[in-house]
Amino acid sequence: MEPAEIIQHSGGAIGAAWLMIALPLVGAAILLLGGRRTDRFGHLLGVLMAVASFAVAALSFVQLLGLAPGERRRGIELYDFVPGLAKVGLLVDPLSISFCLLITGVGSLIHIYSIGYMAHDPNRRRFFAYLNLFVAAMLLLVLADNYVALFVGWEGVGLASYLLIGFWQHKPSAATAAKKAFIVNRVGDFGLLIGLFTIFATFHTLAFNDVFANASKASSGTLTAIGLLLLVGACGKSAQLPLQSWLLDAMEGPTPVSALIHAATMVTAGVYLIVRSGPIYQGAETAQLVVTIVGVATLLAGAIIGTAKDDIKKALAGSTMSQIGYMVLAAGIGPAGYAFAIAHLITHGFFKADMFLGAGSVMHAMNDEVDMRKYGALRKVMPVTFATFAIGYLAIIGFPLLSGYFTKDGIIETVMEHNAVLGWLAVLGAGITGFYMSRLVFMTFFGAKRWEPTAHPHESPAVMTWPLVILSVGAIGLGAFLVLGNRFMTFLAPAVGAPEEMPSFHPFSLTGLATLALVAVGAVFAWFRYGAAEVPAVAPRGSFLTTFARRDLYGDALNEALFMRPGQWLTRLAVFFDNRGVDGLVNGLAAGIGGTSGRLRRIQTGFVRSYALSIFLGAAILAGAWLVVGNL
Amino acid sequence: MNGTIEAPTIEYALLAPMLVVFGAAIVGVLVEAFAPRYLRSAIHLPLTLLSLAGAFALAVWQALKGVPTKPAAMGAVAVDGPALFIWGTILVLAFVSVLLIKDEEHFVGSAAALPGSAEEEQSLVERAAHTEVYPLLLFAVGGMLLFPAANDLLVAFVALEVMSLPLYLLCGLARRRRLLSQEAAVKYFLLGAFSSAFFLYGTALLYGYAGSVDLAKINLALGSVGGQDTLLYIGAAMLGVGLLFKIGAAPFQAWKPDVYQGSPTPITALMASGTLVAAFGALLRVFWVGLGGLDWDWRPVFYGVAILTMVVGAILAITQTDIKRMLAYSSIAHGGFLLVGVIATGSAAQNTAALSGLLFYLVAYGFTTVGAFAVVTMVRDAGGEAWHLSRWAGLGKRSPLLAGTFAFFLLAFAGIPLTSGFFGKYAVFQAAVSGGALPLVIVGVVASAVAAFFYVRVIVLMFFSDPAADGPSVVLPSRGTAAVVGIAALATVVLGVFPQPLLDLAHSAAQSLFVR
Amino acid sequence: MTTHYLVLSALLFAIGGVGVLVRRNAIVVFMCVELMLNACNLAFVTFARQNGNLDGQLIAFFVMIVAAAEVVIGLAIIVTIFRTRRSASVDDASLLKY
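Protein chains in written order, with full-length UniProt numbering: chain A, 1 to 632; chain B, 1 to 516; chain C, 1 to 98.
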């Protein structure tokens, strides 16, 4: 089934979809410009804007459901900047509205949670301003009907992410992490930008509608090039290999940020880009293959990193990488995988946000301690956090009938039909997930108390636990709701297309059973290592493999050896030539202009008679020129 | 010549906007003569604002009723599409500039008193005020309205003087830095009179050439009169001197920085916006209508003038350390960009495109420049407005909103997309490219890039430098000043984001070109 | 025949122009500007004669009136600056520069 036509729309909630972006943007502007005056109500305003945006998204969703499936792609002309120059509009279709609901829904919950989490931070208002800015930019990214506006949103979320990772600038590690994220993302953005240039050179437009309509006419070589360049962008934003290294460091940011930006929403932008650009990838098999390989490699790498981390947030970050790897893998398959990729993205948004916020709740209780070796036995003191976290945990390892079970197994089975090698690797990844997630839960909530003497854990306030409860409800039921009866696939089909034959979900297929078995093995192994056994307070040296995983698979070392050192040499070389050549030229030019200016302004002597002379001479020159030109 | 002189017919309705302004100015003089001192300000301000608003309404009404196709007042004044558009622009800009005027803050209490003398002390004690500012300003605005509509050179000369003479006086009335203000007045006056003598001599020579000062008749004569080309060329050049002086085109730009710096800032705002618009209107009319048949001759000359103006404006602005002088050089550079549009003549469609681009540019630039000068009035220290750029360091940290607005105006001057300045430049340069003036556009773009450097320099200074310990304070703006900044910022945003409506309006105003 | 008058007018204009450039006293500078205007008037009247219409003569009257207005304004400004600086030299008024 091919994607439906885009119909121009006006009126109703969909017609007002720009409000979704405008409201949080206004919120951010008020909070940033208002300064200290808005300190008192800043957090409430931020929450209000996020919730209002969610309301618009929900109303638009309802209105969209009221339309016939074939008419659910609505284009909204927003702004026509002089006909023929540039045109900006929004595209509300099943794909973008799914993202909108996720971003504003989970975003609102995280806003609410942050009221409690950031209660003691003097800069809480600024935090909410950045969160609002992020929501606005992310919504622009998914609602744009052309690549330019998408890119603006793309850079906007990058900026918000940078600001939020470095929110606690007083910590050098946070400042460094922010810079690292910024730089690594620039690499990806550069790829995306070149991809956009290539698109423009090929199609002479950047509007989705025109590009996709003509995609089949372009040569497959061009499409492959575009696809790979877009993939570079997606890798940067979604922390896929080889641009994954920033995500683990990004955990320096406040935990709600990790939940919202670095788990639930922003890091999924790459998946969105690949799915949205489907018509391009469908003409470029090589690009699709590369996408699936990147996905599989990342899902394994992330899982392995997750097994070795003692920092609760970094373990979760590894898991995020891994889960996004699943999504990218599914997105690389084509229309058959799109629905599962997005469905997993949504359920992941819920259960991962749930677990991140749960981790935040634990840290809140443990004086911001992140080392799991200093946790243990927290299930009794923090019952709500434990219960909700456990639900998220069961969902992510694919415990039957919870969210992750449906969406992740959906991906694995689809991949298995597509390519058995990739499929079995995905199953292996699921097994490792079972191990490291169980390890995390056992080290945190079970076993003996290994608390620091100063720690007095307590349950978090209601403003923090209620979002956890709501998110865990999503983690329980959303998967079944979306996947059973192909509900989500049918809904999404008008936007991204769907295979001719809808897949049917076998709860206990061979693959499903194998996955479950492997997950169970992983979990049991984890129980014996970390649940039943004593957890040493200092991490044992471990084997080569452990070190390998702890050092993020030597990702940073690799970066250093492959890019940083040669980069430094290259920079030195460039600086050398720059100083001698280019800079000499530019500086010379600037100095020349400046010097000319400095000399010329001496002509302006301040004497009225010299001005009169310039007029007199000017008149003579003018008359002379006229006579010369006229008599030619 | 049979001994009887026929009474001229005058279309009073067509000239109504101008007459309202002049009438209000005369009433203002009477108020000065008869109303008690304490009442004058209270009468002047509403009178001035109402007359400007009324004149604007009349101009709009005229435009809605239909643009006349023949010159009015026996061929002396042409109220056509471009004239009405320019009138509307000048009236709005004048209205906004008047809002900036708070006589007790910007204008001297007693201009005749020596600075530092007992008389000045006394005038301060008495809270004396030169409320003549308002009628003078109205006379100047009346002249600005007449100048671009003048369809013969005599009327143009009279309008030029009616516009300039009150401005000479107004320049000398600044409350602070009296010496600079007086110097600005003297310089502007002497140079202005000097240049208008050139204009008049040019008029005389063209009269000798064509036997008439009527622009249409001069244009007719271009084809038929032979053997007197020298008269024609020198006459046209002299006319050009007078007009280019008012625009501030190089090499006639020298007065601009000095006068802009010394004058009271609200008057600078009016000169930088209203006078520039009026002078460009007159330049276009004289050269497109009166000397339209000669464009092969004047285009190369203006080509050189435009290049020189852009280069001088952009380069000299770099080393300026005074905010008002910098804005003056920026205004010179913008005059050069506008001249690029004046040259872009060709077929009728080409002329329409160039003219509508120019009209848009004038509106966009007028608003932005008034806004920028309004911001200048608000940054003060003990000695009055803080003009030196070093005093503006770190302003962004103290008053982010004001500094942000000013930065926005500067970006509009630089022509960044999504500001009105971008589209003005775009329209003019595009017209110039299709008019075959590509080299000129390249120079324009390079000059814009150089100019962008010093705009950005000010922004960097405001936001990334540490504020001086005894830096200037930002006064709480009066309602008028706040309104001016708000209106200017709004216009700059709206024209940058939704330029189409105004562009359509400019296009329809330019459709009929100038009546002959 | 009328050419002589035109030459005279051009000479007067040039003398006025050069006078503006070389004289320091603001009043004299201003008088030179007036001389230029009067040179224009001479040219207008001559051309009126040459062209056989009255426009030029009429214009001369307009110019006189404008010149008179200019004198009023000009003297006011020059007298003010003279009172402040005790000098009518235009070269002394050179604070605004560069």
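Calculated from the structure, these hints are not laboratory results. Heads up, the beta-carbon is just placed ideally off N, CA and C, and yes, glycines get one too. Just so you know, not all the hints are guaranteed correct.
Examples of chain A residues toward chain B, derived with CB under 10 Å [what the hints assert, rightly or not]: (1) P3; (2) A4; (3) V26; (4) I30; (5) I76; (6) D80; (7) A365; (8) T454; (9) H458; (10) A462; (11) A590; (12) G606; (13) A612; (14) I621; (15) G630.
Practice prompt. Go through the hint on A:I30 and say holds or violated, using the shortest Cβ distance to chain B against 10 Å.
Written response: Because about 12 Å separates A:I30 from the closest Cβ in chain B, which is outside the 10 Å limit, the hint is violated.
Discussion item. Restraint: A:A612 near chain B, CB-CB cut 10 Å. Satisfied or not?
Written reply: 6 Å, holds
Worksheet item: When the nearest CB of chain B is found for A:D80, is that gap smaller than 10 Å?
Response: Result: holds, 7 Å to nearest chain B Cβ.
Item to complete: With a cut-off of 10 Å on the beta carbons, see whether A:I621 makes it to chain B.
Response: 7 Å, holds
Discussion item. Next item in the hint list is A:H458. Is there a CB on chain B closer than 10 Å to its CB?
Written reply: For A:H458, the interface hint is violated, since the closest Cβ of chain B sits about 41 Å away, which is over 10 Å.
Discussion item. Using the nearest Cβ pair, does A:G630 come within less than 10 Å of chain B?
Written reply: Holds. Min distance 5 Å.
Worksheet item: Do the numbers back the hint for A:P3, that is, is its least Cβ distance to chain B under 10 Å?
Response: 31 Å, violated
Discussion item. Given a cut of 10 Å on the nearest C-beta pair, is the interface hint for A:T454 held or broken against chain B?
Written reply: 39 Å, violated
Fill in: Supplied contact hint for A:A590, tested at 10 Å Cβ to chain B
Hint holds; A:A590 Cβ to chain B Cβ min 8 Å, cut 10 Å.
Practice prompt. Would you check whether A:I76 satisfies its interface hint, that is, whether its CB is within less than 10 Å of any CB in chain B?
Written response: 17 Å, violated
Practice prompt. Mind checking the CB of A:A365 against every CB in chain B and telling me if the closest is under 10 Å?
Written response: Where the cut-off is 10 Å and the nearest Cβ of chain B is about 38 Å from A:A365, the hint is violated.
Item to complete: For the hint on A:A4, just tell me whether its beta-carbon gets within less than 10 Å of chain B.
Response: 31 Å, violated
This entry does not satisfy hints 1, 2, 3, 4, 5, 7, 8, 9, 10, going by the numbered hints stated previously.
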